[in-house]
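Take the two lone chains, each set in its own frame, and fit them into one complex as the hints suggest.
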Amino acid sequence: MDTAQAPPESLPNRRIGERIIEGIILVAGISTIIIVALIFLFLLKEGINAFLDIPLRELFGDRWYPIDGIYGLMPLLVGTTLVTIGAVIIAVPLGLVAAIYLGELAPQWLREILKPLIEILAGIPSIVLGFLGWVALAPLIQNAGADTGLTAFTGSLLLAYMSLPTIISISEDALYAVPKEYRDGSLALGATQWQTTWRVVLPAARSGLVIAVMLGIGRVIGETMGVLLVTGNAANMPPLGPGMLFNPVRTMTATIAAEMGEVAQGSLHYSVLFGIGLILFLITFVVNWLAARLVGVSGARTKVGGQV
Amino acid sequence: MQPKISLQNVFYTYADETEALRNVSLDVLPNQVFVLFGPSRSGKSTMLRLLNRLSDLTDGARFQGTVLVDGRNVFDKSVDVFDLRRRVSMVFAVPTPLPGSIRDNLTYGLRMAGQRNGSLLEARVQKSLEQAALWDEVKDRLDSSAMALSGGQKQRLCLARSLAMEPEVILLDNPTSGLDPISTSVVEETLRDLVSQYTIVMVPHSVQQAARIADRAGFLLDGELVEVNTTENLFLHPQDQRTEDYITGRFG
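For the record, the sequence lines run as chains W and B.
Residue numbers for the first sequence follow this note's numbering, so the first one is 2 and each next one is one higher.
Residue numbers for the second sequence follow this note's numbering, so the first one is 9 and each next one is one higher.
Here chain B stands alone, though its shape is the one from the complex (with noise of 0.2 Å):
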C-alpha cells in the first residue's frame, strides 16, 4: 500500500541553531491514525507543521529532505501550497475560533477558497458539525459568536471548521490540551470515528492518550524518530530503551 505521507531523512533546524528533527524517516499509511509522542520540545509539533507547510512561516529556518504527500514532494515548485493546505488540514492546541459566528468559521475556509455556492456551504456546516459531535449542540444559534463556546466546543468547532473543508488528512497538535476528561473522550471517539474516511496524523497529550487512540505509534526523541511501531507493539514490546524508559514514566 502507498503511504499517505512518507518523510524521507528529514533534518530541520530553527534560525536559533536548534536542530528540531534530525534525519527523520517515517510512513503513514492512509486511514489510520498515526500518534506521534514524545517529550516536550522533542520536534513533535514541528513535524506536523512540516506536513502542510505552515513551516514555510518560520523566519530563517533550515530544511533538508523529502516530504511526500501520496508520492509528490509538497516542498515542489509545481504545488500549490494553499491547496496544500486545504487537503492537509491543521488543527491546533489551543483551540482558537476566528472572531465570527459559529458558522463563518466553518465556511471561513472554504469561502477563502472561492466557494460561493450558498447551499453547498450549508450542507458542509451541518455534515462537518455532526462529524466533530457538535451539531446537537450549537444547531439553534450557528450565527452567535463562536467565542463563547466552551473550551471543549471550541476544539470541536476547530476540528469541524477542518472537516468543513474534506480534507484527505488531519493534523491534530495536541487537540484535547485542556479538556476535561468528558470532552476529551468525546473527542477521541470523534476521532476513531472519522480515521474511515481520513488519514490522521495527531500529537497526544499523554502516552495512555496516545496507546487508546493509536493504530501505530512513533516515539520522538530529541529530533530523532527512536521507534515506530504497531500500538500494541510499541507499547507492549518496546524494542528500545529509551521507549520503554518513557512510556513506563521513569522520565519524560
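Bound conformation, chain W alone (with noise of 0.2 Å):
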C-alpha cells in the first residue's frame, strides 16, 4: 500500500522540466511565424503606396524609366522570369542527374569525395562566381556570338551553377533515404539497375525530389549579387522569340540592389522598390505553396497507389 500510494519524488520536477522545454519549441516555432509575418507587413508598409499612386496599367507598362517618373515594371519581371526559367532548365536535369549518380551508381569512395567539394561549392559567396562569370563566362558567351556576352542566358548559367550543389545535395539525401529494401526487392525480382533506379527509387523519393527542386528555385529567384554583375543590367524589354535569352536583361532583385542606395526615403521610386520586394515575396510564396502541395499529392498518390 505504501508504494503504490507515495509518487516518485521526481515527477513533478520532471513535468516543470517538460513544460519548460515545450514552451521553448513552442516560442521558437512561433517566432519564426511572426518574424515572417513582420517582414511582409514591413514591406507592405512600405511598398504599398507604388500600387496606390501609380495606376496598375502605369506599374505593369514596358518601359522602367524612374528618372523620368515611369515605373513600368514589366522589363523586370521579364528579366527575372527569362534568367529564372533558363537557370531551372539547365539545373534541374543536371542536379537530379548528378545526384542519380552520386546516390545510385558513384562507387562508395567517390561519393565520399564527391559529395563534400559539393557542398562546398554551395558556401561559395555569389559575389565571387558573379565576378567569375563576368570575366570568364561573359566572354565566352560574346565570342559564341551574342551582342555582349552579359546577357540574361549567361546570367540562367551562373545562376543554374549556384543552385546546382543545393539541389544535388538535397536530392541525393532523398535517394538515400529510400529504403535498400526497396531496391533489393527490385533487384531479386530481376530488374536491371536503371529499371530499379527509375521505377522504384525515383518514385519513392519524389517528394524529396520536389523539394530539392524547389529549394534550388528559391535560391536561384533570390540571387542578387551574381546577376547583377553579368545580365547587363538594361531594363529594356527584350525583343520577343527565340533570342531573348541573349538579350541584357536586368532582375528585379538586381533592381532593388542597384537603386535602393540612390532613391530619397520616402520617395515614389522607394516605395516602388519596395513593390518589387513585395512582388518577389508573394513569388517565393507561391513557390513554397507549390511545393507544399506537389508533395502532398504524391505523398497522397503513393497512398491511393501510383504507378510502380
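Because the hints were derived from the structure by calculation, they are not lab data.
Owing to the predicted nature of the structure, the values given are computational and were not obtained by experimental measurement.
There's no promise every hint is true.
As the list claims (entries may be wrong) - Here are a few chain W residues that face chain B, going by a calculated C-beta distance under 8 Å:
#, residue
1, A107
2, Q109
3, P180
4, E182
5, L188
6, L190
7, G191
8, A192
9, T198
10, V201
11, A205
12, S208
In this text, a Cβ means the ideal position worked out from N, Cα and C, and glycines have one as well.
Quick look at the structure:
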C-alpha cells in the first residue's frame, strides 16, 4: 500500500522541466512565423504606395525610367522570369542526374570525395561566382556570337551553377533515404539497375526531389549579386523570340540592389522598390505553396497507389 | 538425380575481412525444401544472396569456388544475371512491397522483363495470389496500395511477387519473421504446397520451423557447413556434437 501511494519524487520536477522545454520549442516555432509576418507587413507598409499612387496599367507597363518618373515593372518581371526559367531548365536535369549518379551508381569512395566537394560549392559567396562569370563566362558567350556577353543566358548559366549544389545535395539525401529493401526487392525480381532507379527509387524519393528542386528555384529567384554582374542590367524589354535569352536584361532583385542606395526615403521610387520586394516575396510564397502541394499530392498518390 | 543447385568449395569474404562462408559444399535437390539454419551471422543470408548473385552488389567482397544452378556456373560470363534472378527468385525477411498498388507489385518483375501482354499479366496476378493464399483477401482491392496490407499479407504478397515470375527456385530469407503464429502456419502450408513445382531454399525462423518444413536441412555455424542430412536424420540423430548442442538449445 505504501509504495502504491507514494509517487516518485522526481515526477513533479520532471513535469515542470517538460513544460519549460515544450514552451521553448513553441516560442521558437511561433517566432519564425511572427518574423515572416513582420517582414511581410514591413514590405507592405513601405511598398503599398507604389500600388496606390501609380495606376496598375502604368506600373506593369513596359518602360522602366525612374528618373522620368516612369515605373513600368514589366522589363524587370520579364528579366527575372527569363533568367529563372533558363537556370531551372539547365540546373534541374543536371542536378537530378548528378544526384542519381552520386546516390545510385558511383562507388562508395568516389561519393565520399564528391559529396563534400559539392557541398563546399554551395558556400562560395555569390559575388565571387558573379565576378568569375563576368571575367570568364561573359567573353565566352560573346565569342559564341552574342552582341554582348552580359545576357540573360549568362545569368541563367551562373544561377544554374549556384543552385546545383543545393539540388544535388538534397536530392542525393532523398535518394539515400529510400530503403535498401526497395532496391533489393526490385533487383531480386530481375530488374536492371536502371529500371530499379527509374521505376522504384525515383518515385519513392519524389517528395524529397520536389523539395530539392523548389529550394534550388528559391535560390535562383532570390539571387542578387551574381546576376547584377553578368546580366548586363539593361532594364529594357528584350525583343520577343528565341533570341530573347541572348539580350541584356535586369532582374527584380538586381534592380533593388542597384537603386536602393540612390533613392530618397519615402519617395515614390523608394515605394516602388519595396513594391518589387513585395512581389518577390509573393513569388517565393507561391513557389513554396506549389512545393507543398506537389509533395502532398505525391504523398496522397502513394497512398492510393501510383504506378510502380 | 542432378542437383538443382550445387555449391562447391565456396568461400565468401566481406570487405571488412569477415569470412561469411568457409569452404561450403552442398547439393540441393529439385522439388525439395532445403532449410539452412544456424545462429545469426553464420552466413545463411550470404549464401542465399550468392545463389542469384544479389551478392554482386556488395562492394569489396571476395568470392571463391563454384555455384551451379542446373549444372551451369552462375558466375560464367555467358550467364545473364537478370535472367538468373528471374529463375532464382528471392523473398526477404522484411516484406517490403514496392510503392504502388498490389497489382503493380505483382506485375513489376514481368513488366521489367518486357512482358506487355495484359491478359497474361492478369492471369499471373490471380495465379500467384492464389498460390500464396492471398487471393481471397485482396481480390477486390488489387488497385489499392500494397502498403496498406498487414504484415502477414505483405509477406505473402512478396512471395506472390516472386511466384508471378514463375521461377524455378525460390529463396526465402526468414519469411515468417514478425508474423503471428496463424500467418506463419499459412505461409508454411503454402510453401509445402508449392514444393511440388519449385525448389525451395529457406532460412527458417527457428529450429522448430526447420524441423517442421524441411525435406533436407543444413546446419551452418560461423560460415562452416557443419552437417547436412535429411530432416529426420539431422534432427533425431545429429552426427556432430555442435549440431546436437544447437538443436537441443544448449547455445544459439
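What hints, given by number in increasing order, does this structure fail?
1, 9, 12
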